[in-house]
Every structure is written in structure tokens, then in C-alpha cells.
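Here's the letter readout for the chains.
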Amino acid sequence: MSQDGLDPVIHAPARLRIVVTLAALRDGDDLSFTRLQELIGLTPGNLITHLRKLEDAGYVTSEKNGSGVTARTSVALTLSGRAALERYTTVLRQLLDSADQG
Amino acid sequence: MNGTADTTGGAGMDEAAATDDGSPMGAAEAAAIIRETGQRARQQFRVSHRVTFTIWGFGLLLGYGALWLAARGQRPFHGPDPAAFATVVLLANASAAAGLLSARAEDGVGGLSAVRQRIYFLSVFAGLAAMFALEGALVRAGAGRPAIGVFEASAPVLVAGLFYVITSAVWLDWPVLGLGIWLVVAAAAGGFAGPAGVWGVDALAAGLAYLVMAVIEPWVRQS
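Quick mapping for you: the protein sequence lines, in order, are chains A and B.
Using the working numbering, you'd call the opening residue of the first sequence number 11 and step up by one each time.
Using the working numbering, you'd call the opening residue of the second sequence number 30 and step up by one each time.
This is chain A alone, in the form it adopts within the complex:
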């Protein structure tokens, strides 16, 4: 955790966008790498970098199906990732509330 209690794995604009986008999917759904890239607006290389960091933390899973032109990499938020986003949102709300009061 960072000093202010925000999960540093999520607390980065690109990774926050990735996690929030994947959280908008229904439980049990995944998203293709291409569509995620289109929605987030990152280069493939940058997206891979951020996904790897999230994957290392156990927040997302990626799976590659097929080969050649039919290959499809899909990305999904794990239960742990969804819980981490909820924690992050709670801490963020507390920070904003305390800033409002201060």
C-alpha cells in the first residue's frame, strides 16, 4: 500500500482504467485484448505492460485461444481484482471525504 493507503498496483491512470473497464463486465465475462485496447486507448506494448503488472498482483487473468489469425487473447478481472477495486474505491472515498472536511 502507498502512504495514503491506495493500492499502488491500481493507483495509476492506465491500470485504473483497465480495472474499471473490466469491472463493468458481468461476472464470468472476459474481454478481448483488441477491444480493451480500443476502449483504453493504449498502444499494445503499454497495455501488455500494465496487464502484466495487474496479472502479477493476481487482479486479472489473460488467456490465449487459437493460433495464427484466429488467435484471441482475452482478459478478465479476478475476484481478487474486483475486491481490490472495491477497497481502492472505499479508501478513495474516505480520502475525498476527509479532504472535504479539512
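Since the hints were derived computationally from the structure, they do not count as laboratory data.
There could be a bad hint or two in this list.
As the list claims (entries may be wrong) - Label pairs and their in silico Cβ distance ranges:
1. ASP107(A) to ARG145(B): 36 to 42 Å
2. ARG147(B) to THR44(A): 19 to 25 Å
3. ARG97(A) to ALA198(B): 31 to 37 Å
4. TRP203(B) to GLU73(A): 33 to 39 Å
Claimed, not checked - Which chain A residues stay away from chain B? Per the calculated CB distances, all over 10 Å, these:
5. ALA34
6. SER77
7. GLY78
8. VAL79
9. THR80
10. ALA86
11. THR88
12. SER90
13. ARG92
14. ARG97
15. ALA109
16. GLN111
The structure presented is a predicted model; accordingly, all values stated were derived computationally and were not measured.
For each residue, glycine too, the CB sits at the ideal point set by N, CA and C.
Fit chain B to the supplied structure of chain A, relying on the hints for placement.
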């Protein structure tokens, strides 16, 4: 996953946590990202039921309405054959358009939703195939043209109604459950209007129900 060198790193807040202008991302910026990204993602993944309902509403009103106009007053009843063809084309086009709209929203989305989608299509296909088979069985059993007429008008509405009831059971979608039950009732009650009248009753009852759903759907979802 093949990756490039990680651009993140460092103690505490990594450099990827910085905003576009290089300053560290604050709580307010993070909250704005969550709000805007979440809203955009939900919008992108959401199938426009409003457009789908409108297409089906006008499809039924015009298609079934045309069949009613073609069949009413027939003595003896022989069925609206030329208009039936037009209806099939119209409904097929509506179905294809609705399917394409759905496909765009669900483009790239896999997992359970994709499996459910295939099961839905399979159930509709099986229902319609069984309907045509039963119609053949009725003809073979000696059913008259009026009885066949009632069946061929009401059965598709019944299949659609049951489809929506099943859909609502999966997603706990109450407006869709209402539509499904209404279509089932309309299909059953419409048959009592006779082989010509059933087209008119189903056109109004089912077609207008779809249009009402198209009007109220965004409001119902928000409340």
C-alpha cells in the same frame, strides 16, 4: 503474455501513477477516472434494447397488420399467402438488424455472456423449428386452414414470449419478464379472434407492447 519493458517502477507511487502532465495522480483525478471510465464502459457494453424493441414493434405492427388486412373478410378462409412472404422477409430483416446491434455491443466480450447468447439463439431456433414442424403435423392430421391460420399467427408470438420469460429468469430483468408474460397472454388470447382476427390482435398487442418497452426502457433502467 508477451510484454515490453515495464515503464513502471520506483518506490511508493510508481511513475505510471502520474497523470499526463507528469504530476502524481490525486484522489480527485482518480475519482474522475473511475466515474468517466465506468460510465463509458457500461455504455459500450450495453446492448441498445430500445432500438431492438422499436424494430420488433414496427416489424410486428406492419407485418402482422399487413397479414390481417390480407386475410380479413375471406370467405372461405384461405390464409394470407403473399403477405406471409413479406412478413417473413420483414421479420427476418428486423431480426438481423437487432442481432447486428447486439453484436456490436458484445463485440470482444466472451465468457458466460457469450455462452448464454448461444443458448438463447439455440432456444429461439429450436422453438421456431418445432413450431414449423408442429404446423406440418397439424396439416398432416387433417387440421383445416382456419386452425392452421390461428396457429401460424400465435405460435411465433408464444415462442418470443417464452424466450423473454427465460431471459428474465437468467438476468432477473423485470421489464422483460412483463413483456414475456404479455406476449404469452396475447398469443393465447389472440387465437380466439379467429384465423384472420388473430393477426390484427397480435399486431396490436405484441407490436404495441414492444413499442411501449422501447419508450419506457431507458426510464425503467434508470429508476
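Here is what the structure says about each hint:
Taking the beta carbon of each, ASP107(A) and ARG145(B) are about 39 Å apart, inside 36 to 42 Å as hinted. Checked against the hint of 19 to 25 Å, the pair ARG147(B) and THR44(A) passes, with Cβ atoms roughly 21 Å apart. For ARG97(A) paired with ALA198(B), a C-beta distance near 33 Å keeps the hint of 31 to 37 Å intact. Between TRP203(B) and GLU73(A), the C-beta spacing of about 34 Å keeps the proposed range 33 to 39 Å intact.
Annotated as non-interface, ALA34(A) brings its C-beta within 10 Å of a C-beta of chain B; the closest such distance is 4 Å. Remark: the non-interface label on SER77(A) is consistent with the geometry, its nearest Cβ contact in chain B lying 14 Å away (cut-off 10 Å). Under the 10 Å C-beta cut-off, the non-interface status given to GLY78(A) relative to chain B holds; the minimum distance is some 16 Å. Here VAL79(A) stays apart from chain B, with its beta-carbon at least about 16 Å from theirs, past the 10 Å limit.
At roughly 14 Å, the least C-beta separation between THR80(A) and chain B is larger than 10 Å, which holds for a residue marked as non-interface. For ALA86(A), the non-interface assignment is contradicted: its Cβ lies about 7 Å from the closest Cβ of chain B, within the 10 Å cut-off. Against chain B, the non-interface label of THR88(A) holds: every CB pair exceeds 10 Å, the least being about 13 Å. The Cβ of SER90(A) lies farther than 10 Å from every Cβ of chain B, with a closest approach of about 17 Å, so its non-interface assignment holds.
Non-interface status of ARG92(A) relative to chain B is upheld: no Cβ of that chain comes within 10 Å, the nearest being about 13 Å off. Taking the minimum C-beta to C-beta distance to chain B, about 13 Å, the non-interface status of ARG97(A) holds against the 10 Å cut. Interface exclusion of ALA109(A) from chain B breaks down, the closest Cβ pair being 7 Å apart, not more than 10 Å. Against chain B, the non-interface label of GLN111(A) holds: every CB pair exceeds 10 Å, the least being about 13 Å.
The structure is inconsistent with the numbered hints 5, 10 and 15, although it conforms to all the rest.
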